[in-house]
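Chains V and F, in that order, give the protein sequences.
Counted from 1, the first sequence has number 3 at position 3 by my numbering; the numbering is strictly sequential.
Counted from 1, the second sequence has number 446 at position 117 by my numbering; the numbering is strictly sequential.
It cannot be assumed that every hint is accurate.
Under 8 Å between C-beta atoms, here's a sample of chain F residues computed to sit facing chain V [what the hints assert, rightly or not]:
| hint | residue |
| --- | --- |
| 1 | L486 |
| 2 | D508 |
| 3 | D511 |
| 4 | L531 |
| 5 | A533 |
| 6 | L545 |
| 7 | V575 |
| 8 | E611 |
| 9 | R614 |
| 10 | L617 |
DEER-style ranges, computed between Cβ atoms [unchecked claim]:
| hint | chain 1 | residue 1 | chain 2 | residue 2 | range |
| --- | --- | --- | --- | --- | --- |
| 11 | F | G370 | V | P30 | 29 to 39 Å |
| 12 | V | H329 | F | G602 | 51 to 61 Å |
| 13 | V | G235 | F | D511 | 12 to 22 Å |
| 14 | V | A28 | F | A560 | 53 to 63 Å |
| 15 | F | A560 | V | P289 | 23 to 33 Å |
| 16 | F | P527 | V | A91 | 13 to 23 Å |
| 17 | F | G585 | V | A204 | 32 to 42 Å |
| 18 | V | G51 | F | E522 | 28 to 38 Å |
| 19 | V | S35 | F | P515 | 51 to 61 Å |
Just so you know, the hints here were simulated from the structure itself, not pulled from any lab data.
Every residue, glycine too, gets a C-beta built ideally from N, C-alpha and C.
Number of protein chains: 2
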Amino acid sequence: MSLPAGPVLGVDSGGSGLRIALTDPRTAGPPLTWSSPVPVGVGPRGIDAPGLLEGVLPAARDLLAAAGAAHCAAVCVGAAGMATLGDDLHAVLPGVLRAELGARRLALAADAVTAYAGALGQRPGVVVAAGTGLIALGTDLRPGTGWRRADGWGHLLGDCGSGAWIGRAGLEAAMRALDGRDGGSPALLQRAEALFGPVCGLPAMLYPRQDRPAVLASFAPEVARCAGSDAVAAGILRAAAGHIAVAAAAACPPPGGTSAREVALTGGLLHLGEPLLGPVHEELRARLPHARPVPAQGDPLQGALRVATALAADDLTLPADGALLRVVH
Amino acid sequence: MSLPAGPVLGVDSGGSGLRIALTDPRTAGPPLTWSSPVPVGVGPRGIDAPGLLEGVLPAARDLLAAAGAAHCAAVCVGAAGMATLGDDLHAVLPGVLRAELGARRLALAADAVTAYAGALGQRPGVVVAAGTGLIALGTDLRPGTGWRRADGWGHLLGDCGSGAWIGRAGLEAAMRALDGRDGGSPALLQRAEALFGPVCGLPAMLYPRQDRPAVLASFAPEVARCAGSDAVAAGILRAAAGHIAVAAAAACPPPGGTSAREVALTGGLLHLGEPLLGPVHEELRARLPHARPVPAQGDPLQGALRVATALAADDLTLPADGALLRVVH
Numbered sequence: 001m002s003l004p005a006g007p008v009l010g011v012d013s014g015g016s017g018l019r020i021a022l023t024d025p026r027t028a029g030p031p032l033t034w035s036s037p038v039p040v041g042v043g044p045r046g047i048d049a050p051g052l053l054e055g056v057l058p059a060a061r062d063l064l065a066a067a068g069a070a071h072c073a074a075v076c077v078g079a080a081g082m083a084t085l086g087d088d089l090h091a092v093l094p095g096v097l098r099a100e101l102g103a104r105r106l107a108l109a110a111d112a113v114t115a116y117a118g119a120l121g122q123r124p125g126v127v128v129a130a131g132t133g134l135i136a137l138g139t140d141l142r143p144g145t146g147w148r149r150a151d152g153w154g155h156l157l158g159d160c161g162s163g164a165w166i167g168r169a170g171l172e173a174a175m176r177a178l179d180g181r182d183g184g185s186p187a188l189l190q191r192a193e194a195l196f197g198p199v200c201g202l203p204a205m206l207y208p209r210q211d212r213p214a215v216l217a218s219f220a221p222e223v224a225r226c227a228g229s230d231a232v233a234a235g236i237l238r239a240a241a242g243h244i245a246v247a248a249a250a251a252c253p254p255p256g257g258t259s260a261r262e263v264a265l266t267g268g269l270l271h272l273g274e275p276l277l278g279p280v281h282e283e284l285r286a287r288l289p290h291a292r293p294v295p296a297q298g299d300p301l302q303g304a305l306r307v308a309t310a311l312a313a314d315d316l317t318l319p320a321d322g323a324l325l326r327v328v329h
Numbered sequence: 330m331s332l333p334a335g336p337v338l339g340v341d342s343g344g345s346g347l348r349i350a351l352t353d354p355r356t357a358g359p360p361l362t363w364s365s366p367v368p369v370g371v372g373p374r375g376i377d378a379p380g381l382l383e384g385v386l387p388a389a390r391d392l393l394a395a396a397g398a399a400h401c402a403a404v405c406v407g408a409a410g411m412a413t414l415g416d417d418l419h420a421v422l423p424g425v426l427r428a429e430l431g432a433r434r435l436a437l438a439a440d441a442v443t444a445y446a447g448a449l450g451q452r453p454g455v456v457v458a459a460g461t462g463l464i465a466l467g468t469d470l471r472p473g474t475g476w477r478r479a480d481g482w483g484h485l486l487g488d489c490g491s492g493a494w495i496g497r498a499g500l501e502a503a504m505r506a507l508d509g510r511d512g513g514s515p516a517l518l519q520r521a522e523a524l525f526g527p528v529c530g531l532p533a534m535l536y537p538r539q540d541r542p543a544v545l546a547s548f549a550p551e552v553a554r555c556a557g558s559d560a561v562a563a564g565i566l567r568a569a570a571g572h573i574a575v576a577a578a579a580a581c582p583p584p585g586g587t588s589a590r591e592v593a594l595t596g597g598l599l600h601l602g603e604p605l606l607g608p609v610h611e612e613l614r615a616r617l618p619h620a621r622p623v624p625a626q627g628d629p630l631q632g633a634l635r636v637a638t639a640l641a642a643d644d645l646t647l648p649a650d651g652a653l654l655r656v657v658h
């Protein structure tokens with residue numbers, strides 16, 4: 001691979017904020033980074049493109065100035081809400097980014113793609129990106145076969161096994177305990193009251209909120225904390241692990257040759273630790289016996305830098321796609 | 330029971346609109362009725378009390394005039410959102426209703442209570458009111474024991490087995506089929522595409538809506554239609570039936586004496602017919618062997634009339650309760 005001229009820029013925009021990194025692939029130094037905890041808005045028409053530009057451009061110019069560079073060799077913007085961005089904005093965004101940052105090559109990626117690139121780089125396999133939501137993405141990197149996708153449909157239609165899914169199931173178990181219904185957990189009821197106050201007030205607190213999935217997901221750590229001593233909580237994590245493995249199996253490319261497919265889990269759900277990860281590894285062994293679980297190498301910001309680096313070197317093998325990974329030369 | 334002087338008024342306010350009936354318990358004639366398909370708003374602070382009065386008062390005056398009566402002997406207003414109405418509005422509402430309608434006695438009831446009274450009258454037992462949402466309410470009518478309640482927590486925290494629950498599970502199965510995940514139903518995918526268009530567009534259609542539970546519930550009839558030939562759809566209805574029976578069992582009063590407790594199912598979910606009701610009766614037999622399933626005698630509007638009639642005759646035995654059934658003499 002030929003070394004690109006100039007630094008490359010990676011952007012990761014998600015629910016927990018906006019992060020930007022600039023690095024020069026020809027040197028071994030750590031990237032220059034900038035971050036903001038304020039997330040860029042995402043609506044039914046995808047990410048708020050003007051809001052994204054407002055956040056990215058000044059910070060990117062500062063990073064370029066700090067690196068003593070006039071322009072980027074390549075840029076990769078990975079963002080939640082990129083896959084559902086309307087074509088009109090998709091047509092505007094690349095032009096502005098290229099003009100303002102002097103980037104010769106540009107990629108607009110769904111956050112699931114930068115999660116993939118961060119976790120596995122440009123190796124074939126499947127990555128489950130799980131936080132408040134959950135999506136599995138896989139590829140065999142063979143030209144023409146594209147991405148295999150499973151779930152990522154949001155907290156009412158799917159995201160099975162996600163933080164919102166686990167937290168919602170935990171709160172349902174708390175309400176069951178309150179009612180004396182089967183499937184209730186007094187331990188989760190106690191944790192719900194400790195976190196949110198009397199649970200009779202939960203509906204009035206939860207339903208008017210705009211960030212309902214995040215509120216639900218905020219209860220997931222309590223489910224993990226109870227799982228050691230509470231069978232209902234442990235059952236929720238076991239079911240979540242099953243859903244995670246099912247999504248991984250659906251998005252995993254078929255076995256190819258002699259080497260096992262790599263499967264990695266990445267994202268905030270990893271923070272639940274062993275109470276979830278133990279069952280996940282068991283479910284993966286059962287449902288994806290030919291895959292090899294590996295730890296994620298890096299996060300989505302590192303994934304964006306990897307995509308930008310590959311772009312600059314004309315060495316991008318991850319599949320381009322109209323929604324998940326748009327490449328502009 | 331002594332016969333009350335003057336007609337009694339019943340009100341049923343729910344998601345499908347506002348209905349009012351006036352009847353004279355001393356005569357056997359059918360009630361005078363009025364209805365509007367426009368529902369009264371319900372927010373986190375309960376029902377929109379001014380909106381309720383705006384809908385009820387003119388129509389009630391018209392019904393009184395048509396009956397040639399000057400005032401009501403008693404009024405019962407049953408409404409979704411009554412149980413969560415703030416105390417301030419609860420203090421205002423009875424005064425206005427009594428002053429405007431000349432009612433000596435007044436009851437403000439949760440819609441679950443009027444559903445109970447419509448289904449079982451003033452007999453002990455348990456009633457599951459199931460439409461878009463689901464709640465089970467039971468009583469043994471013994472003084473001091475009050476209502477037993479299960480579920481009714483809304484589509485994210487519960488309402489297990491409701492229309493929204495069934496529809497949501499059906500749409501999840503459709504998305505699973507699209508992804509090639511385990512648990513998918515090609516038949517439900519086909520029905521979802523027929524109803525909503527390409528299901529990739531479902532998240533953008535569903536999540537911005539205010540009436541998400543109603544949108545989810547609109548898919549429940551498709552699940553019932555597929556259940557005869559699709560194992561996934563049949564499994565969803567079987568699981569819903571289990572949840573319905575679990576809620577009924579939790580709210581059912583303990584066996585008392587020699588007669589079996591009556592259990593009734595009421596509400597829009599009955600329209601799903603045998604594909605749901607068959608499993609419901611099996612699950613009730615398994616989980617509530619000492620209860621006797623009976624058909625609901627009447628709907629919540631008839632329940633409101635029954636409560637008003639009992640109030641007028643000073644014969645109300647359903648338990649008064651600060652949230653579910655407030656009685657003002």
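Each hint, compared with the structure:
no. : hint                        : result
1   : L486                        : holds (5 Å)
2   : D508                        : holds (4 Å)
3   : D511                        : holds (5 Å)
4   : L531                        : holds (6 Å)
5   : A533                        : holds (4 Å)
6   : L545                        : holds (7 Å)
7   : V575                        : holds (5 Å)
8   : E611                        : violated (16 Å)
9   : R614                        : violated (16 Å)
10  : L617                        : violated (12 Å)
11  : F:G370 - V:P30: 29 to 39 Å  : violated (55 Å)
12  : V:H329 - F:G602: 51 to 61 Å : holds (58 Å)
13  : V:G235 - F:D511: 12 to 22 Å : holds (18 Å)
14  : V:A28 - F:A560: 53 to 63 Å  : holds (57 Å)
15  : F:A560 - V:P289: 23 to 33 Å : holds (25 Å)
16  : F:P527 - V:A91: 13 to 23 Å  : holds (22 Å)
17  : F:G585 - V:A204: 32 to 42 Å : holds (34 Å)
18  : V:G51 - F:E522: 28 to 38 Å  : holds (33 Å)
19  : V:S35 - F:P515: 51 to 61 Å  : violated (44 Å)
In terms of the numbered hints stated before, the structure departs from hints 8, 9, 10, 11, 19, listed from lowest to highest.
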